[in-house]
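There are 2 protein chains.
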Amino acid sequence: MAKSKVITSREENYSEWYNDIVKKAGLADHSAVKGCMVIKPYGFAIWENMKAQLDKRFKETGHQNAYFPLLIPKSFLSKEAEHVEGFAQECAVVTHYRLMNDPNGTGVVVDPSARLEEELIVRPTSETIIWNTYKKWINSYRDLPLLINQWANVVRWEMRTRLFLRTAEFLWQEGHTAHATSEEAVEETVKMLDVYAEFLEEYMAVPVIKGVKTANERFPGAIDTYTVEGLMQDGKALQCGTSHFLGQNFAKAFDVKYLGKDNKEHLVWATSWGVSTRLMGALIMMHSDDSGLVVPPKLAPIQVVIIPIPKPGDEIDAVANQVMADLRALGVSVKYDKDENRRPGFKFAEWEMKGVPVRLGIGKRDLEKGVIEVARRDTKEKSSQPIEGIAAHVAALLDEIQANLYNKAKTFRDQRITKVDTWDEFIEALNTKGGFVSAHWDGTTETELKIKEKSKATTRCIPLGNPLEDGKCVLTGKPSKQRILFAKAY
Amino acid sequence: MAKSKVITSREENYSEWYNDIVKKAGLADHSAVKGCMVIKPYGFAIWENMKAQLDKRFKETGHQNAYFPLLIPKSFLSKEAEHVEGFAQECAVVTHYRLMNDPNGTGVVVDPSARLEEELIVRPTSETIIWNTYKKWINSYRDLPLLINQWANVVRWEMRTRLFLRTAEFLWQEGHTAHATSEEAVEETVKMLDVYAEFLEEYMAVPVIKGVKTANERFPGAIDTYTVEGLMQDGKALQCGTSHFLGQNFAKAFDVKYLGKDNKEHLVWATSWGVSTRLMGALIMMHSDDSGLVVPPKLAPIQVVIIPIPKPGDEIDAVANQVMADLRALGVSVKYDKDENRRPGFKFAEWEMKGVPVRLGIGKRDLEKGVIEVARRDTKEKSSQPIEGIAAHVAALLDEIQANLYNKAKTFRDQRITKVDTWDEFIEALNTKGGFVSAHWDGTTETELKIKEKSKATTRCIPLGNPLEDGKCVLTGKPSKQRILFAKAY
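Sequence lines, in order, name chains D and S. Quick note on numbering that gives the first Met the number 0: the first sequence kicks off at 0 and runs consecutively. Quick note on numbering that gives the first Met the number 0: the second sequence kicks off at 0 and runs consecutively.
Treat the hints with care, as some may be off.
Here's a subset of chain D near chain S, in silico, CB distances under 8 angstroms, partners left out [to be verified]: (1) G61; (2) P68; (3) L164.
Cross-link-like lysine to aspartate or glutamate pairs, in silico, EDC-like; alpha carbons within 20 angstroms at most [said to hold, decoys possible]: (4) D:K33 <-> S:E117; (5) D:K346 <-> S:D338; (6) S:K135 <-> D:E47; (7) S:K55 <-> D:D54; (8) S:K368 <-> S:D316; (9) D:K55 <-> S:D54; (10) D:K260 <-> S:D54; (11) S:K260 <-> D:E339; (12) S:K50 <-> D:E339; (13) D:K135 <-> S:D54; (14) D:K50 <-> S:D28.
Don't read these hints as lab results, they were simulated from the structure. Ideal Cβ placement from N, Cα and C applies to all residues, glycine included.
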């Protein structure tokens, strides 16, 4: 069919397929500013649905939203040694605060007399400005725990960008919490990882592996970085969210202490955790096909589209309006595409491209038989259903689609976790099946980097509850106490 | 009472009173970055409630949210002459994209080799980057109208800042719409002004005057700027929101044309409109008193606080839990302050400072009589109410408080619109009553600026539907066709 030609197929070029969907489904586009994207209305509507669900969970777990400055004094970054080391290479720097008319021509130039005494960094993450603020907010054990989240834009200068997956500016949330004890902070770190995992599995239909990063893959300034890792259709892993136990590193750097019940001063313990618009990339890559985007029903801005065949008319409109009212009463979002300038086939392809979970076709001949055509986006199956009870049928179908997307993704992922014991098996698994490779490793950063150099695979995580098991490193043969997951990754 | 000493009184120092409330009610604070504020959780919760209501109204009127880049190429600003003229003086400029270790010491410095070819401006507003994008999105009349809104942070470098009212970085929404005809764009401009006015009056309980700005007070690049003006307790006006008819200025600057039904190319017509965290300043100044913040019930994060007297206990807890359940069933947000470390008097003062509309005191002796003490924040009136039916009583009281705040503000404002016909009367009205002065003016920017210089009053607006009336300019005596509102303003 002609419509399958609209976008590049996955087999032909996976990367082009992804770009085609992002653009043709109206999710995002490149902007005039290198590395920065425009999130288009339909893409933003999906992100808003994600945001609403995450925000609800953050609040249910006792967090409050707040807002901290976009611009961070350069000197703040330097206060935590590993932190500055990790971010210095990708900082957008504000040096001036005024433009002036170009004395030698038209247009404007930077006014050299308006140079800032200290340069400001566009936040790449907000630990430093936030911990500098927490110093004022935290005095006694009664001020703890402090559980704050911020929804914000951040900038990390990137040369090689991909829409949603890697952009210079992206949208995200960053939680920053302060605790009286190490135990409490670790508990928070793991709790928020669970919040992410539940959201990814229940709403995004993306099965994830929860685990801990190696030292080399840790967030700059963290003691431990926890991660949720998904597996995309091309066999590459995607880090979907991270939760960091920061120990007392930022409390030390910004001198944040509290007076304990023991009447002594103690350094505060910290966590931070975040997910970003990168999740949009995961959602797109996880479920979509060669006809376009597939959106899980729980996050779809439009869950059901109704298309009149061949065009609207009194009789079809009456049925459509009734079905819409019934669906809305069940909490289902629905759109009736009455545009008379476009034919049904065109509309089918467009809503398929946008990944609307269920399409209802209302045709004159079908109405005579008292039925409506129901097409599901995930399997592309079609069936005729009695108009009587159609809303309940569709609502149940949406649940079924949500479950099917998750199960399909889980089966795909589970089939791609391969235990290997030799280097040849390691390379073989990566190059044929792709996915996660579970292998012994000697625990050194040196070997980790060599493995990356030789195979392009990185350590993804040590899964939580990983069983201890004696073995030998696949590369060096040195002793190892447990397997760890490797994969090629985004 | 001691608690009234907690903040500066309005009479003593209005400006300090405002600052005290912002800080002591936990709304916002200064940050380490000059001119940038931290919005604290309680302040942010009020802003989130505002946002939710506005966003709902934008969507009901057909707008969709999207997101455009934070950073704007310097050359884009230059494309619209008045626009660049208006914003050049207050632009934060990104010139570099990398830091490096300081070769002469510790810490980091800007890497001189990482200079951007073209400087990027942190958006002060997004007309230019958006219209550069619209060029790609708009081809035919079928692409119009394009009704987009963005929630974002913006930076306008300010030397003299005040929390919420004037900060270098602030949060806002900016609507940017594109239309086929001038009439349609003007209609949109006025429609969104109405959305703002309704929100301000119904939710913020801030009565506003809708009007048009003079040429001198127009948004840089606009043909007409519409405004909603409120009047604060100190008699100064506050511009609460603006809606701009941009004509074809940005379409010209970015060459945005559409193919009409007539098969000819036409320049597109534009509007933009915005409100910001400045509204928080209006909310605070409009209703608060010398005991602290007063939040209108419809925007209060906590509408009712329950305080056990003198402390929690089985009997009091049981009643409190029942009242909470009943209030929540009516959609009322309620908090039970069970903190045993603080006495009732301290709690009263704290929740008063935070402006919670209704306080319920549950005491042992009152329970024996089957009553609860109900205190309203706006008038500070207290009464004993039967426990039976208390939830319905409180819900009705919240409506009454909302209405009372609006009516009080409206009476205050209406008493402060003074018609004057001479310069002496003009100065007299400004200096004694404050508020709006309705006066004839000769219509020239020259006179407008002279009036400002002599009186510190600026033109606020020509009210919509202003009656025409022959008169003489209060300053120059030249002929005038209508009165216009002047005021000292924030």
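Sort out whether E117 of chain S lies within 20 angstroms of K33 of chain D, counting only the CA atoms. Answer holds: K33 of chain D to E117 of chain S is near 11 angstroms, not above 20 angstroms.
Quick one, are K135 of chain D and D54 of chain S close enough, alpha carbons at most 20 angstroms? violated, 33 angstroms
Check whether the Cα positions of K55 of chain S and D54 of chain D lie no farther apart than 20 angstroms. holds, 17 angstroms
With the threshold set at 20 angstroms, check whether the alpha-carbon distance from K260 of chain D to D54 of chain S stays at or below it. Violated. K260 of chain D to D54 of chain S sits at ~45 angstroms, over the 20 angstroms cutoff.
Does the structure keep K346 of chain D and D338 of chain S at a Cα separation of 20 angstroms or less? The hint is violated at about 59 angstroms.
Under the criterion that the straight-line Cα-Cα distance not exceed 20 angstroms, is the pair K368 of chain S, D316 of chain S satisfied? Cα-Cα ~17 angstroms, so holds.
Agreement of K50 of chain D and D28 of chain S with the hint, judged by alpha carbon distance not exceeding 20 angstroms: Roughly 26 angstroms separates the two Cα atoms, so the pair is violated.
How about G61 of chain D: closest beta carbon in chain S under 8 angstroms, or not? Nearest chain S Cβ about 11 angstroms off; hint violated.
Just to be careful, I want the Cα atoms of K260 of chain S and E339 of chain D compared with a cutoff of 20 angstroms; is the pair within it? holds, 16 angstroms
Is the straight-line distance between the alpha-carbon of K50 of chain S and that of E339 of chain D 20 angstroms or less? Status violated; Cα separation ~36 angstroms.
Straight-line alpha-carbon gap K135 of chain S to E47 of chain D, limit 20 angstroms: Not satisfied, since the Cα-Cα distance of roughly 24 angstroms exceeds 20 angstroms.
Please check whether L164 of chain D passes as an interface residue: C-beta within 8 angstroms of a C-beta belonging to chain S. violated, 16 angstroms
Against the hints set out earlier in the document, violations occur for numbers 1, 3, 5, 6, 10, 12, 13 and 14.
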